[in-house]
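Please arrange chain H on chain X, whose structure you already have, making use of the hints.
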Amino acid sequence: MSSLTSASSGRLEPQRSVRDRMRRRVGDQGPLLASILIVAASWEIVGRTTDTIAFPPLTDIFAALWGFLLDGSIVSNLGVSLLTLALGMGISIAGGIAIGALMGRFRPVEYALDVYINAAMAAPMVAFVPIFILLFGIGYPTRVLTVVIFAIFPIIVNTFAGIRNVDRSLVEMGRSFGARERQLFWQIRVPAAFPLLLAGIRLGTARGVKGLINGEVLVAVVGLGGLVNTYGTPFSMDRLWAIIFFLVALALVIVKLVEMGTRRVVRA
Amino acid sequence: MSSTAAPVIEAVGVGKTYPASDGRAPFTALSGIDLTIHPGEFVSLIGPSGCGKTTFLKMVDGLIPYDEGELRVLGKPVSGPGPERAVVFQNFALLPWLTVLENAAFGLRLRGVGKDERDRVARSNIEMAGLQGFESAYPRQLSGGMQQRVGLARALSVDPDIFLMDEPFGSLDAQTRNLMQSDLLRVWHASGKTVVFVTHAMDEAVFLSDRVVLMATRPGRVSEIIDIDLPRPRTDETRTEPRFVELTSYVWDRLREMILTEPQKQSA
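So the sequences go chain by chain: X and H. Residue numbers for the first sequence, in my numbering: 1 to 268. Residue numbers for the second sequence, in my numbering: 1 to 268.
Honestly, the hints are just simulated from the structure, not real lab data. Certain hints may be false.
As the list claims (entries may be wrong) - Some chain X residues judged to face chain H by a derived CB distance under 10 Å, without partners named:
1) Val39
2) Ala40
3) Ala41
4) Met173
5) Pro191
6) Phe194
To be verified - In silico SDA-like cross-links for lysine to any residue, where the CA-CA straight-line distance does not exceed 20 Å:
7) H:Lys115 x X:Gln183
8) H:Lys115 x X:Leu184
9) H:Lys115 x X:Lys256
10) H:Lys115 x X:Gln187
Unchecked claim - Label-pair distances were calculated between CB atoms; the ranges are:
11) H:Gly80 x X:Lys256: 45 to 51 Å
12) H:Tyr18 x X:Glu110: 24 to 30 Å
13) X:Glu181 x H:Asp67: 21 to 27 Å
Here a beta-carbon is modelled for each residue, glycine too, at the ideal position from N, C-alpha and C.
Pulled out of the complex, with its shape left as it was, chain X reads as follows (with noise of 0.2 Å):
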């Protein structure tokens, strides 16, 4: 079938595109390296030239993060913190994907926890934190809870939405060639249901971190979280930014992480 051979390369794609998506990502980055250089520039000159202690130099944020890396105070936090984060989105991720699928495979469960589900996913999450102290007071569950409360929502709706709306061809498919709902749920469904589950993932994860800083912050003197406690005054600014800044990069950091490893997932 000579057909057949000539067809099968034509889903590779050609070598230029490789290098065409190379110069596009490096021409991307030209725009924000110049929106950050204007941004710290400006910052710079405010925090020099204003008296106003919420913003002081950029400088002075920068030496006072290195002070924090080298006096160990960030490395000594974040243990805690990262333990608190990886509790919580074992659960959310355990517990979330559970708790989608029960709801994708018998109505009854979807009847049931709908109305919780959408009304959690709309709420605000922060008010919760304080009912928890209330419970479990200020240690590791009151943190971890935190962490699942933002997280298990949008693993739990993906994982839902991915079972449940799966190419009904497919379903037809298998139930014409004999497929029981055991059948159709474990050999078409879940699969199926797999990219957007792990999407959900993605998006619970950065929640998550959300999760996890509003519970060091509002619930103890811990953790990186416990940091922006300590110096949320106003004669620490400096401080108080510096962790800010290392928050929102290990943030950056983590959900690029689990993003690549999921985007690998898929791939496999």
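Using the frame of chain X, we list chain H on its own:
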């Protein structure tokens, strides 16, 4: 043909009416379908869109229930999909996360056939379908024609008595389509199975079939059954024979009449 043998498919007065809903009048999709198909026959269903040819095919497969008349496959009333029937789908309906081999073996996997056995069967049918060498490729790496060969191998692998093909070559380009038609006839000759083939292409119906069932719309019904007396085996030369041209233009004349008289009845 073998009209003395027991029919494989027997439709007597088969009809389907969708009840009124949302202020829309009840819609009769099919009405009074009488059709008897014998073992080893190749029968095409052709007609204007909306004539219910695909609906009828899915009824024979048991995916869509009928509410009027009698529909029997191998003497038994149709109540759902069964192992003696296999469908080749219009949009291929391949599972994108499975390889060619795994897709071809999917029907057997649903039936609980062990991996070694189902892989062995699937491999030989992949070869039969003209895809040897592509066992470990994924569907997205294949052209449309090759993907449908996987769909054919999947149907062949469950060794049904009846192949139900729903416009299987409808999305392929003309050259690929011609090749696929010849290959399908080769496979059909080798297997000796019964084929019901839905199409909207006149030449395809005439080239492949022993009989062409012409269907009309509103309600969907059998308008005429045309015997195709072209000798077999049919080859590319068949397409240039006067009798082929004559039969094709006869089918086209009948279809054109239907399509031209149809708009007066249309209200939408």
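Going through the hints against the structure:
no.: 1; hint: Val39; in the structure: violated, 42 Å
no.: 2; hint: Ala40; in the structure: violated, 44 Å
no.: 3; hint: Ala41; in the structure: violated, 48 Å
no.: 4; hint: Met173; in the structure: holds, 4 Å
no.: 5; hint: Pro191; in the structure: holds, 5 Å
no.: 6; hint: Phe194; in the structure: holds, 7 Å
no.: 7; hint: H:Lys115 x X:Gln183; in the structure: holds, 16 Å
no.: 8; hint: H:Lys115 x X:Leu184; in the structure: holds, 19 Å
no.: 9; hint: H:Lys115 x X:Lys256; in the structure: violated, 38 Å
no.: 10; hint: H:Lys115 x X:Gln187; in the structure: holds, 15 Å
no.: 11; hint: H:Gly80 x X:Lys256: 45 to 51 Å; in the structure: holds, 49 Å
no.: 12; hint: H:Tyr18 x X:Glu110: 24 to 30 Å; in the structure: holds, 26 Å
no.: 13; hint: X:Glu181 x H:Asp67: 21 to 27 Å; in the structure: holds, 24 Å
Checked against the numbered hints given earlier, the structure breaks hints 1, 2, 3, 9 and satisfies all the rest.
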